[in-house]
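*Asks:* With the sequences and hints as input, model every part of the structure.
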Amino acid sequence: MHVTSPVRPPLVTGGKTYADVTEDVCRHVEGKPTKEWKIAFIAALVVLIYGTACLFWTWWEGLGVWGLNKTVGWAWDITNFVWWVGIGHAGTLISAILLLFRQKWRTSINRAAEAMTIFAVICAASFILMHMGRPWLAYWALPLPNTFGSLWVNFNSPLVWDVFAISTYFSVSLVFWYIGLIPDLATIRDRAQNKVSRFIYGTFAMGWNGSAKTWSRYEYISLILAGLSTPLVLSVHTIVSMDFATSVIPGWHTTIFPPYFVAGAIFSGFAMVQNLMLITRVVYRLEDYITIEHIESMNKIITLTGSIVGIAYLTEFFIAWYSGVEYESYAFINRATGPYWWAYWAMMTCNVISPQLFWSRSLRRSVTWTFFISVIVNIGMWFERFVIIVTSLHRDYLPSSWAMFSPTFYDIGDYIFSFGLFGTLFLLFSKYLPVVNMAEVKAIIRSSSERLPKNISGVAKGARVANPSFNKDAE
Amino acid sequence: MAELTGKYLVGVFDDDDVILHAIPKLRKAGVKIHEVYSPFPIHGLDDALGHPRTRIGIAAFLFGLTGCACALTMMTWMLGFDWPMNIGGKDYISLPNFIPITFEMTVLFTAFGMVTTFFVTNGLSPNPAPVLFDPRSTDNKFVMAIEMGKNKMSEEDITKALRDLGAGEVNIKQF
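Protein sequence lines correspond, in order, to chains A and B.
Position 200 (the first sequence) corresponds to 200 in this note's numbering; numbering is contiguous.
Position 13 (the second sequence) corresponds to 1013 in this note's numbering; numbering is contiguous.
Quick caveat, the hints were computed from the structure, so don't treat them as lab data.
None of these values were measured; they are calculated from a predicted model.
Each hint should be verified, as a subset may be incorrect.
As the list claims (entries may be wrong) - Listed next, the stretches of chain B that the computed footprint assigns to chain A, with coverage defined by at least 3 CB atoms under 8 Å from CB atoms of chain A:
#1 1031–1042
#2 1045–1055
#3 1067–1078
#4 1096–1107
Heads up, the beta-carbon is just placed ideally off N, CA and C, and yes, glycines get one too.
*Replies:* Encoded structure:
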């Protein structure tokens, strides 16, 4: 029996029964695509096609179409890569870290957040491929004996660590997500009214039957996957930060980078989850599952991680002065007052000041404010990476090498590509897969529902029986 | 998953608590329960049914050890023996630098090995039409299957016991 503290607000409102959960979540999977979905999907596709055309030209012509120069050799490509990878981190945090901490509110949002993780990592990986210039040679990053002899990759390099970290992160997240999907796919399979969807969902449901033994192993491996994903997600952004921190560029060569990057990643990721969930809950009428409590909890995490990021900025600045290294001091003064001052102050305002507004209870429980600040946070986090990368590079050691970076049509087009890709994938997910983890929500309903209905399974409410002929066969 | 044969009594319950409390009473009465199917994990169900604790964690640990060993062997052999390179004056085999990849490979092997084990031990494979005792068990019903061939009690007695303990329906399923 569960005992819940009475002061804790319910996580699922509306007195939902188990059957209601199935119905509410499956409704949009089973129904025809709505007009709004079609419009959004076509819009995303158009953006994707435009971006693909830009990307095609980037690869056809070479990276010369970008605004890079001999001083600023990394700009939007790596900014976008770090930005997308960071966004992905919130999904793993929700599904893994909050599972370890037994935070039940994660159940309503983990599915969509993990999907976001996977799509964001795909977008991030696309920038890695882009910045290689010759993506068809991407396999050179793997430890394969090459044609010139058995010269191996340099395992001392964080860039090679990144190859392993990102690919492990992507594949383990995908597996974690898929394992969570299996029971829900089985639910859809058993409700399916037509043969095609029964076959497709059934195939991916892997013959799931929900037996006690299967569930017990399922819970066990979910726990271990969460235990693995937690250090994994921290390692991924740590290694991303080491791409910078192990170099000798002033502004990059800092030991604070790993925790600072991880906090920033979770910060921007939660902001993206908020943006996606605030739209999803309205479009799919999931307000009873993704409640103001969920939004508020996420806003608290945004404030916490935003404050960590803020402290990191100040610490960096202090250490730049305290270290007495003039290159380091100059890099930071130049960030705040040099030609890229506007990027620095955009970052400071968006990331340090805006999340502090959530100390106000009414603001952090307001859907409009949450959406607005989440957008601001994501803009700020993009600027953070831009500031770290471009302002650290643009003032080289020799003043004769000083340069500025300005994005070209293709820099922008390739960034737009990632939005098209992300939007298309997320829309496909939100239409054809259950956006809320039904099994996990059902498991918390007894302890966390607004009121416990007398007949919780919802027979009285006319629960839908998928295949009534089944029972006749049995007789 | 073993093929199902014979005749089964299928008790369909509406509530997870009811079925959980019914199990020890049925087992005490001498009923052998084949398996219980539910739309979500019910804590305490394994103990009630007397299922042994899963050993998948041991498998996961061994997969992890394998990944760890593979990664270290690979990097040590490649950079230490096959083609040693002087990189920034570091040792050919510089263990601290090998830790990140060792960690990633450990996680990768553990996750994939464990999930493969999970699929194999549960008999899960791409199968669009598995045999289910009641398809509502993935929606909102809690289903208990009792194999008649393995029970000494009569069908009527078990049916009555199931009904008394809160089963909404008792069906018969013949394979």
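*Asks:* Could you tell me which of the numbered hints above are not met by this structure, giving the numbers in increasing order?
*Replies:* Per hint list: zero violations.
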